[in-house]
Amino acid sequence: MRKESKYNKSLIDLAEVLLEDNNTLSIRASGSSMYPSLKEGDICYEQKCPVEDLKKGDIIACRKNNFFIMHRLKRLSKRPDGKYVIEMRGDNVLHYDPPFDEEEFVAKLLYFKRDGKIHQVDSPSMKFKKFIDDYFHPVSCRFNKGLLFTKYAFSVIRKQNSSLFTNLRQLIRGNQSQFRSNALIAVLKGIVPIGMLVSIKFLIDFLTHSSFGQPEQKLLFFALLGVTALLFLAGGVLTQIGNYTAEKMSQSVTRRVYDELHQKHIRLHLTDFENSAQLDRMHRAVQEASYRPVRILNSALGLIKTCSAGILLLALFVTIRWYLVIILLVAVLPEAVFRMAYSRKLYRMKEKQAPDEREKSYYNRVITGFPFAKEIRLFDFPDYFIRLFNRKQDLLFDEKLKLSRYELRTSILAQVFAVLLIFSTLGIVSYLSIAGMMTIGTVVLFFFAFQRGYSILNEFFRSVTSLVEDNSFLQDYLSFLQIPDVQSNKVISPKPFRLENEIRFDNVSFRYSESDRDALRNVNIRIPAGKTVALVGENGAGKSTLVKLLCGFYRPTGGEILLDGVPAGEIGQVELLRGITAVFQDFALYQVSAADNIMLGNYRKPRNMTQMKEAAAEAGIAETLEKLPQGYDTRLGHLFGESEELSIGQWQKMALARAFYRDAPLLLMDEPSSALDANAERQLIESLKALARNKTTLIVSHRLSTVQWADIIYLLHRGEVAETGTHEELMQLRGRYYRLFSKNENGVE
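For reference, each letter of the sequence shown is one residue, going 1 to 749 in this note's numbering.
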């Protein structure tokens, strides 16, 4: 067996030194190359001995780089220079290891411990295994590999069954009564067709062996005919009822799944949206959530139906010829095995393709999306993204076609095998009928039942493999739901956010998860309650990051943020955000009505049209909204009919109106005038001054004209505070702020 050390090379060297001093060394076995003599996890006790004392069949360890390879000695030979050459082979390996030099010999196995029990290498069981390896190695090796594969397969099945039932319970949570109703209908749908076969069998036997001379015969005939007709009718009615109840359950489950999906996205930390691995998980979860949960329930119901039908069919075949059941099972077994293998390959392919699928979706969004349309036409580069899209699409299609070819080959082989067995069985039944050992009704019953049985078993295995396949994909959805929530750090009884004194950044540092440099480094900032504080600096200085930290969207990687002396982590984010209103640099464009756009600033409070209009006026957008076709009820944007598009500057004013409507005690403005012209900017400054009188305000801007009136100005440079003071004080310093202001004055931003 090969044991890879998790330690460094020097520790491996130390192990050899200890063995040279005649110490006994214990090593945990890894791998299966010595199975069944040694198993994964066995503790092997080894000791050094002279090479010439080794005997054929001893289990020894040799060193290869930083590995200990422990196999059975097969040959010990001497070279002309007097040095020994060691040849080994694992009990579960067909080929020999490359020869080892005498110097690479490490130690000989003395005994080993398994499940707390000591096993000697010269015990009868170990001697028997050595004998088998010496004389029947090719056969025993293949047998051991098959045994290991079987154990692995059963462990996988046990694990999948366990997770499958757990996932099913989670899916039907809240829909138990609907699932029970559908399960009952599924049982009846499985039983009724078999009942029809039996009634047809009796009807044919009656017609071939009876006459209609007696009234009882006529009555019995019409009774059989009526039962058969009722069963046909029941089958059709059950199908329609089943379709209705299944659709009802599907809608209920889909509604709950999407609700969980949406709620989870809202509770995610912002860092999850910037992590490529988490984005892949989100992509797979969103992609599969639309149909996998419903499909897994339908497969479960299909399994219930086929099981109920299969039990009745089994009883029927036993009454005809019991061995026909075995033939039927053998006929469908290959396709079941192939479908299980296909399901595993499909899941692995989908998992591997998730990043490429996400990239392809992005290219498609660039080619077809409105935000990119102007630049694509102006710079005339559609071919670039079309080429990237086609390259990814071809790569994904090639992998899917490769898997489809595998499915085609295996399915044809399985079908050929099944047809040969089925027609051989039909020949047997025909012979029994000719020999007078079966009635015509029994023969007809067999033909129908065998065909039905083959379909049922195929459907059974398809349902099983579909359950396994869908369960694998469902795991992606459920694992997505297990991503820690942003509020997981919230204390049980969060302190309400009531800023009375100050907000303080105390040696705060922050680094984005996939970045190799700090966005903020040892930042110390003080924001007194009721004052206006400005953050200025060049792009990339860390201004917007600081605002996101204050909102609790990220947690500092160093230092802490204190609100009235209380660490921000001890204040629930929900409570914190209720006291904050903000406009972000990358503000959102909501394509709903103008009134709803403003109302979203304080969605929880009762709708107040007067306050909405006041907020719009403060943001400088009221006049524009009043001129729209339906005024404040006009839908904004371009995605839907009867809507009106705004300019980017007007959209920013809508974001400002949202912030003003919220009327929270802490106002955060991240580049509030970036999309405004000079006149609109002057109006905004006046509005901000009026609004900030009773609030604590933090303004982020690289336009210094927006922040000259602030009580305190912090200039950030490469993630650190470079200068602090009022506008006048910083101008007198004639430092970075002075140079930045001079650039702004000269029209350079």
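Simulated from the structure, these hints should not be mistaken for lab results. Quick reminder that beta carbons are idealized off the backbone N, C-alpha and C, glycines included. Hints are supplied without guarantee of correctness; some may be wrong.
[As the list claims (entries may be wrong)] Each pair of labels, with its calculated beta carbon distance range:
(1) Leu403 / Ser177: 22 to 30 Å
(2) Val592 / Thr254: 38 to 46 Å
(3) Phe553 / Arg409: 50 to 58 Å
(4) Pro484 / Tyr291: 24 to 32 Å
TODO: Given the hint of 22 to 30 Å, check if Leu403 and Ser177 actually sit that far apart at their C-beta atoms.
DONE: Because 39 Å falls outside the window, the suggested range is violated.
TODO: Evaluate the given range 38 to 46 Å for the C-beta pair formed by Val592 and Thr254.
DONE: Violated: the Cβ-Cβ distance is about 24 Å, outside 38 to 46 Å.
Open item on the list: A range of 24 to 32 Å was offered for this pair. Does it hold for the Cβ distance of Pro484 and Tyr291?
Closed with: This hint holds: roughly 27 Å between Cβ atoms.
Task: Pairwise beta carbon distance, Phe553 to Arg409, judged against the given window 50 to 58 Å - done: 52 Å, holds
The structure fails to meet hints 1 and 2 from the earlier list, while all remaining hints are met.
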